[in-house]
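With chain A fixed as given, assemble chain B onto it according to the hints.
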Amino acid sequence: MTPSLVNTLLMLPALLLLAIVFAWPLLDSAWLSTQASSVLTGLSPIANHGANWQRLLGDTRFWQDAAVTLRFALVSVGLELLLGLAMALLLHRPGRGRGWLRALTLLPWALPTTVLALGWRWIYNDPYGPLNAILRAFGAAPYGFLTTPASTWLFTVLADVWKTTPFVALLLLAGLQSIPAELEESLVLEGASPGQILRRLTLPLLKPWISLALLFRLAQALGVFDLVQVLTRVGPAGSTESLALYAYLNAMRFLDFGYSATLVIATFLLLVVLTVLGWLLLRRRALEPSR
Amino acid sequence: MAGSGARRRLTPGSVLAGLLLGLVLILLPAALLARPVAAATTVRVLMPSPFVDATAELVAGFNRDHPNLKVEVARGPLDTEAMSDLAIGGLLLGDTPYDLLLMDVSWTAKYVAAGWLVPLEGLLGDDALEAMVPGARLGNAFGGHLWRMPLTGDTGLLYWRTDLMASPPRTTTELEAVARQLQAEGKVRWGYVWQGRQYEGLSCVMLELIHAFGGQWWQPGTGPAGGQTELDSPGAIAAADWLVQLVRSGVSPEAVADFAENEALQLFAAGDAAFLRNWPYAWREIEKGGGPVVGKVGVSTVVSAPGIRSGGTLGTWGLSLLAGSPHPQEAAEVIGWFTGPETQKALVLDQGYAPTWAVLYEDSELQQKHPLLAVQQQALEQGPLVRPLTPLYAQLSDLLQRQVNGLLTTEAAATAAMTRAQRQSTVLLESTAGQESA
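Taken in order, these protein sequences are the chains called A and B.
Last residue of the first sequence? That's 291 in my numbering, and every number before it is there in order.
Last residue of the second sequence? That's 438 in my numbering, and every number before it is there in order.
These aren't lab readings, by the way, just hints derived from the structure by calculation.
All the pointers check out, no bait thrown in.
Some chain B residues close to chain A (C-beta under 8 Å, calculated; not the full set): (1) K110; (2) Y199; (3) D258; (4) T409.
Partial selection, computed: residues in chain B whose CB lies under 10 Å from chain A: (5) V112; (6) G115; (7) R197; (8) E254; (9) L267; (10) P391; (11) A394; (12) Q403.
Simulated DEER-style distance windows between Cβ atoms: (13) E57(B) with A137(A): 44 to 52 Å; (14) A23(A) with A270(B): 50 to 58 Å; (15) A67(A) with L92(B): 24 to 32 Å; (16) G115(B) with G50(A): 24 to 32 Å.
Note that the coordinates shown come from a computational prediction; the quantities given were computed from them, not determined experimentally.
For every residue, glycine included, the Cβ atom is placed at its ideal position computed from N, Cα and C.
Isolated chain A, as found in the complex (with noise of 0.2 Å):
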């Protein structure tokens, strides 16, 4: 047996794992995808010739669950970056009590989802969780944390932001580790100041470890569920309905498969087109000269 076979024969099972759990659910949505498959059909699928993408392509909903779902991704993203950076370069510095001060940081993130969300609907209650006894204790009115589009947005962003800045500001810290003290101090010795440490030498270097928290928090942001699914049951007025929920209440509740397909494979799509442009984007500044 030559090694190459050996290696080929090893990577089976993991191959075979990636086709049965990516590759066949998504060929088969997108056979799914041109059936009517619902109710009205006692959910076997009839070929239905396109329908369901006409639909989609009609579908003022899908748009703006997709702008919804885009728009949540990248403010929460952004905000958990800049956090995370400032959380990451703090934890960075040696100090007592480092190692405990790191484990608290990381406790929101080690939360399940479900149970953060059930929480801060609670903390968001109007009128009896603690948010609006601090207001009322501060003599105002309570505030309807969830109960207007715009401030239910904020505050969803807000809970996101809170438990996953913390996986952001891992990441983060471990690139800072593997950056030489010595570089730093030399800098230091020839008198430069620490934001310009920062902007010249930190952030460059950390640039992979950046790229690497933005990858995997866009993606998981992209395909949001459990929180808005707890916190905010898509409410109010389906303002924070994400492309994720839209497929899922199309298939779970109302037993649209097909049009769940079609959900489901354009928003495949979608993701396909920003990570193409996202990681075109990236290469471009890494081929860049370095000032």
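Structure of chain B alone, referenced to chain A:
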């Protein structure tokens, strides 16, 4: 490459052994999961969590009395929509492990169209519902077959404060006036709390109000969905407008837009509201809670606009037989026992559930111990409202919830929102008409 040294030591034999070991590890749990055949017939029932607790003792009693027929209850989630998701998840996999499912009244048509239920008239007789209160018989049949035996006779009810008024309001106008006055006198913070979140509860509130203002949501007729919606009728628009004005004028809190049953109940039980719209279960909840309003709560049928008499939304739970049950006869026997008058009587006494059998409403022992019964009987006889009986109900309800919740949380106007809901409903019903012919 770092690993190449190790790789060369691999022999074909060890690779093969590794692959085999992997296979065994995958197959072994599967083999262990295959169940042996049980001696006594076991009927498996999936129910929402509160029903499991409520019936645990009764089920234990049944199992003691029936050595050859065992009832095994599986605990579903508490929330109605989560329960539906779980049940559907199992049913979609084909081989559902359950024989019976406790179903919400709004699921019937959808489950029937999906082919998941077995008609019951052949097993329980054509007259299975005969001795029930008329209102409780609704929503169990579809397309000429009986699909479900109701276990509870829930309808929407109006809860009011006996310490703040002598008798409950009978019309929407009266309710609003009383609420405003009590608020102005500083006796309560809020006038009226109900379910305004974007979820099924809002559809229940809307169905009641549309009829209370002389309209209707659904006109049964022809077509694959079995009828048409009338959401832009004057009655439907007036209903939506009434809700919006309640919020905008401060009779209902703005937070009502994120209230489900429990949030509304909490606020009422804390003594912060004069009126509450809820189901029969709320009575026990409030009494159990021991809050400031215990002993000061009255229950009445829901209000309607002056000159109109309409009912509350029907929100019953009932048992259905799932297609693929290996022993339908035994399962039907369990349905008969579970929904029968004796079990229901015990549930009224222990849990305060609303029964479906007429004879239980005449039972003087029950009447004495459960003051809600008289009102509940009235609500069921007054003609409770059934949500549109169509397989597409979930979509129709979703559209309406979005529009009405949007009214409560944005600056939209009732006419525009209801016209939009009507247009979207029509598009849905028409597009699916094409789907069926395809």
